[in-house]
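In this text, residue positions in the sequence shown follow our numbering: the first is 2, and each later residue adds one.
None of these hints come from the bench; they were simulated from the model.
Since the structure is predicted, the reported quantities are computational estimates derived from the model, not experimental observations.
Mixed in with the good hints, there may be bad ones.
[Unchecked claim] The calculated label-pair distances, taken between Cβ atoms and stated as ranges, are:
no.	residue 1	residue 2	range
1	D89	L63	15 to 21 Å
2	T91	L19	15 to 21 Å
3	K28	P88	16 to 22 Å
4	L19	S64	18 to 24 Å
[Claimed, not checked] The list that follows gives simulated cross-link-like pairs (lysine to any residue, SDA-like), each with its CA atoms no further than 25 Å apart:
no.	residue 1	residue 2
5	K28	Q43
6	K27	P88
7	K28	R84
Just so it is clear, CB atoms sit at the ideal spot from N, CA and C, and this is done for glycine as well.
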Amino acid sequence: MPCISSHDPLVQQTGLRLFAETGDPKKLGVENVTRVRRILVQLDAATSPEDMNLPGYRVHELSGSRIGTHAVRASGNHRITFRWDAPDVTNVDLEDYH
2 MPCISSHDPL VQQTGLRLFA ETGDPKKLGV ENVTRVRRIL VQLDAATSPE
52 DMNLPGYRVH ELSGSRIGTH AVRASGNHRI TFRWDAPDVT NVDLEDYH
C-alpha cells in the first residue's frame with residue numbers, strides 16, 4: 002500500500018521513491034521501515050515544516066549550502082531530507098550525510 006502519492010513530493014532517492022509509491026522496502030536500505038513510513042505519511046499531511054516537529058523526529062534545518070533543506074531522523078545515521086516550497090514539500094530524499 003503506498004504511503005504517499007507519487008505526484009506529491011519530488012522523491013529523490015530510488016529506494017525511497019519505490020517505497021513511497023509501492024510500499025516495497027527492498028531497496029530502502031534502512032532498518033526502521035515503520036518509522037520511514039510514518040515520516041512519509043506525516044510529510045504528505047504537513048502544511049508547514051513545523052508540522053514535522055514531533056517528538057523523536059529531531060527535525061532541523063540544515064546549514065551552509067543546504068539552507069532551506071530540513072532533516073528528520075529516520076534510522077541510524079539516515080535522515081529524510083526535504084525542502085518546503087509552500088504549499089508543498091519537495092526534494093524528499095533519504096541520505097546519510099554524516
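Structure-based check of each hint:
no. : hint                  : verdict
1   : D89 x L63: 15 to 21 Å : holds (19 Å)
2   : T91 x L19: 15 to 21 Å : holds (18 Å)
3   : K28 x P88: 16 to 22 Å : violated (30 Å)
4   : L19 x S64: 18 to 24 Å : violated (30 Å)
5   : K28 x Q43             : holds (21 Å)
6   : K27 x P88             : violated (31 Å)
7   : K28 x R84             : holds (23 Å)
Figure legend: structure checked against the earlier numbered hints; hints not met, in rising order: 3, 4, 6.
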